[in-house]
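Trainee: Here's the letter readout for the chains.
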Amino acid sequence: MALIASISAILILIFIGMSVPFCFLSGSLIYIFMTGASTGTFVSTSYYALDSFSTLAIPLFMIAGTLMEKSGIARTLIDLAEMILKKTKGGMGATIPLVSCFFGALSGSGTATVTTLGSMMAPRLTELGWDKRYLAAFIAACGPLGYMIPPNMNAIIYTRVSSASVAALFLATIIPGILWTILYLIINRYTYHHWYNPENSVTAKIGMAGEQTAENGATAKSIIVEEQAADKLTIIKRAGVAFLMPVIIMGGIYSGIFTATEAGAVGCVYGLIVGVLIFKKMSLKEAFSSFIKTGSSLGSILIMFPMTLIFTRILVLNGVPGMVTQFITGISSNKYVIILIIDLVLILAGCFLDAGVLLLVFTPLLLPTAAIIGIGEIQLGVMMFVAVGVGTITPPMAMNLFITGKITGVEMMDMMKPLLPFLLFAAIPILILVTFVPAVSTFLPSLILSGGM
Amino acid sequence: GGGGNPAGSNSEEVTYTWKMGTIYNDPASRPDYNSFGLSMKKFVELVNEKSEGRIVIEPYYNSILGASQELFEQLRRGELEVFYGQPMANVDSRFGAWSIPYLFSDYDAVTKAIASPDAPLFKLSQEWVRENNAELIAVGPSVFRGFFNVKHPVATVQDLRDLKVRIYEDPIVNLFWKDICNATSMPYSEVYTGLQTKTIDGLEFADTSVVSSKYYELGNYFTDINWQWTSGGNIIIGKKFWDQLPEDLKEIVRECAWEAMEYQGIEEKKNKESAYSTLRECGVEIYELSDEERQGWIDYARSLDSRIREAIGPETYDAVVEAVKLAK
Amino acid sequence: MEILKKLDALAFKAIRTFAGIAMVLLTAVIIIQILARYVFKVSIGGIEETPIFLMMISVWLSAIIVAREDGHVKIDLIDLMIKNKKILYILKTVLRCLTTVVLGIYAKFALDYLISSMRLGDTTPGLGIPVWTMHSFVFISAFFMTLYYLINSIKAIKEVWEWR
Ligand code: NA
Ligand code: NA
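Protein sequences appear in the order of chains A, B and C. First residue of the first sequence: 1, per this note's numbering; consecutive thereafter. First residue of the second sequence: 1, per this note's numbering; consecutive thereafter. First residue of the third sequence: 1, per this note's numbering; consecutive thereafter.
Since the hints were derived computationally from the structure, they do not count as laboratory data. Note that the coordinates shown come from a computational prediction; the quantities given were computed from them, not determined experimentally. Treat each hint with caution, since some may be false.
Pairwise CB distance ranges, derived in the manner of DEER restraints [said to hold, decoys possible]: (1) A:G36 x C:I32: 48 to 54 Å; (2) C:L25 x B:E259: 47 to 53 Å; (3) C:D79 x A:G319: 36 to 42 Å; (4) B:D106 x A:G319: 37 to 43 Å; (5) C:L127 x A:G36: 37 to 43 Å; (6) C:K83 x A:I236: 50 to 56 Å; (7) B:D291 x A:I273: 51 to 57 Å; (8) B:K50 x C:I129: 42 to 48 Å; (9) C:I32 x A:P429: 42 to 48 Å.
When the alpha-carbon atoms are kept at most 30 Å apart in a straight line, the in silico DSS-like pairs for lysine-lysine are as follows [said to hold, decoys possible]: (10) A:K285 x C:K6; (11) B:K112 x B:K328; (12) A:K417 x C:K74; (13) B:K151 x B:K270; (14) C:K155 x A:K293; (15) A:K417 x C:K83; (16) B:K269 x B:K42; (17) C:K108 x B:K240; (18) B:K214 x B:K178; (19) A:K406 x C:K74; (20) C:K5 x A:K285; (21) B:K19 x B:K41; (22) A:K406 x C:K86; (23) A:K406 x C:K155.
Don't be surprised by glycine CBs; every beta carbon is placed ideally from N, CA and C.
Isolated chain A, as found in the complex:
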């Protein structure tokens, strides 16, 4: 009874707009007041929730991500993707998933990927005649690639509530991440023409306003192409510098020079070197502001850990993980039906809950059920990450859509039509793939980390 009351209270409070961490705190307090249970572990639980070496990777990869943007590395990635795809059909649209992948190799976060791409690519592609609604939806949908391509911040959160290894999880999402990108590229190829009209481009509009002749237009275009050609070498050189970073990070982790957490610090140093010394795009003062930005936003991101953990403990002490197992296995004893139910639960939960909550609260609830039907911690992790990704683009609670909406000024409802193909033919199929084919997740970890997973 008290449990149901507190769970309902949390959901209602989240829905009506109370700050999420304090919704969980409220729910826990409601439970305590209704049952008279002890409050003595509230604060110790929240204190120890953050006391972990692997959690350090979160601020480190966040700093590294901010440095990516300021150092000019992000710009280089966009230039490179444009250079590669310029001549293909729907090419400029295809740069979105490609840059997300590139950026993902440097950043650990889907949110950072969406924010960076949204602010750097959306205005430029709008100028070229792409529909804002499509851009907002597509960039949001590509967010998950930012962590499916390692490093992966969600993997770090996941290790807080499971015993899986970060290094193995980093490898596990690569294949599904690449498949996901390919599906996006295909979907873009077949739907882009609804959303792209070169006549809406800024140059075309200027051309019409100035009653420019067709010839003049042609010369203008050829000038742009020439400029690009002259830049090619610089772009490739710079891209080389940019891509040295994932080589150092992943190479360092898998050749045993440093751990996944330490790799975050190495990424920061590399970002600093590139930004300050090589590209000379930022001063040390600007670099320090990246550290300030991350440090002062930790309170909003990591405060989720203690506040949700207090509530998860209450769930655990009331045997909820066991109940979940009983409930799911009660519906069917067929392994595949159970897996489908887990998927469904995750998709539904993802509609209403934020990524951190999904990982921190649902992992302990689902681990026993997963164990019964033979889903390992690595595979469950990948399932969770894909589900979290789906959750970021399913309203009402859709972080990525919020972000691109804010940047582009497009209403969330207007993004639904262009979003639907990406959701139905890429994101959800990938979720089904990783749930039914464990090898997609476990192949790379077992190959590279020779030894059974």
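Fit chains B and C with the ligands to the given chain A structure using the hints.
Mentor: Chains B and C with the ligands in isolation, oriented as in the chain A frame:
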């Protein structure tokens, strides 16, 4: 907490519902090489049975209520009723005394000195735990820690020179390892991958844990240096919960605890034998030290004595050494 | 009042700067550890807990400045559903008050916890710092978050009151 049953006024009918927390694995999902988890399960079953339902203990494995430091803290603050595991030395430096390197020569010495109700070091430990607001009920034979690595056989202290060894935050562990190898702190969850990628080359670990953690899949070398006996099997009850228990129930809990701890020792010894054969089957080379080689390790440990004595507290150190001598 | 405003601005700046420096130190300590392992082949005992502590302190302190701007993660879904600005504002005021109460209770727990930690006198495993100093940040954070939510609530109530 201890919930009173409103139906009865006499103590016979009061039931106590207790939470018991540990970092050890749930034997339901990890039945093999899990003497700690199994003995905890045994204890819970015995108490629930022998008290005829007057005490109901609910077990929480896998650090689900927190890691050791957090669990022991909850215990001392009266938030957790029963803790199974090792209280850390940073809480009370005297607890470090249990893990003085080469304090005990074998399990027999352990039983005589600490793992039996009248053992001198057990009595002493009970005093320390009591001063931490808790009651030490029983101590198990626990485990000795050897050395596992993926690079080359290790026979002497000098053989560690070129190895990156995983350690964890603990004054004694730090003292012993930091000067003889390249010691690196690493969370337990990263050890397997750390060994695979060679971020670390090895770690001090019990033979049975090498099997249960599947490190043997990575091949290679184990040496029974048994440098440390780790007091991992302690059943401890929070003071206020212990004190409110009627004498007959206290007796039942004590009995069950010692029976469970004895079971831990039996399981561990049984596991140890099969661990060696499992490890060999999996291609791990097991190096058993000769008496002379072992003496070399002991000599190294003894050279640290003054620093260890300082870390634990001279009085405690002397009292412990005395107690162990007395038990022989 | 002026002094309070100045203090508020000062605290805001101090926390941001502290968090920035903490992040720099945290990165540096980890880099030094890697270098120590490979270049100097030594282990630096005890310091590996410092980055974790720096992170924890940053989390608790920066949570205050997030609370100051009522910026903790929330969903703005209700804005789309309730079009009446006044009702929306009243709802937000109620939520702020509720948050103040909830945080206030938590702050009380944090104080109890801190006091009992001081009595227990534990130290950290690596550097042997008294654990209560770390626990104090939970209290400081909870206390000031409560304070800022209280101030924001009072402001909101005043505004609602003036509509009459
Ligand atoms: Na990534
Ligand atoms: Na969603």
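Trainee: A:K406 and C:K74: Cα distance at most 30 Å?
Mentor: OK: A:K406 and C:K74 at ~15 Å, within 30 Å.
Trainee: Take the C-beta atom of B:D106 and the C-beta atom of A:G319, compute their distance, and say whether it sits inside 37 to 43 Å.
Mentor: holds (42 Å)
Trainee: Between B:K214 and B:K178, is the straight-line Cα distance small enough, at 30 Å or below?
Mentor: Status holds; Cα separation ~26 Å.
Trainee: Please work out if B:K19 and B:K41 have their alpha carbons no farther apart than 30 Å.
Mentor: holds (13 Å)
Trainee: Going straight from one Cα to the other, do A:K285 and C:K6 come out at no more than 30 Å?
Mentor: This hinted pair holds, its Cα atoms lying about 25 Å apart.
Trainee: For C:I32 and A:P429, compare the CB-CB distance with the range 42 to 48 Å and indicate the outcome.
Mentor: Once the Cβ atoms are compared, 46 Å apart, the range 42 to 48 Å for A:P429 and C:I32 holds.
Trainee: Starting from B:K151, check that the Cα of B:K270 is at most 30 Å away, please.
Mentor: It holds: about 28 Å lies between the C-alpha atoms, which stays within 30 Å.
Trainee: CA of A:K417 to CA of C:K83, is that 30 Å or under?
Mentor: holds (24 Å)
Trainee: Is the straight-line distance between the alpha-carbon of C:K108 and that of B:K240 30 Å or less?
Mentor: holds (23 Å)
Trainee: Given the hinted pair C:K155 and A:K293, is their alpha-carbon gap at most 30 Å?
Mentor: holds (28 Å)
Trainee: At the C-beta level, are C:L25 and B:E259 separated by a distance inside 47 to 53 Å?
Mentor: Between C:L25 and B:E259, where Cβ atoms are some 51 Å apart, the hint holds.
Trainee: Holds or violated: are the alpha carbons of A:K417 and C:K74 at most 30 Å from each other?
Mentor: This hinted pair holds, its Cα atoms lying about 25 Å apart.
Every hint, counting from the list given before, is met by this structure.
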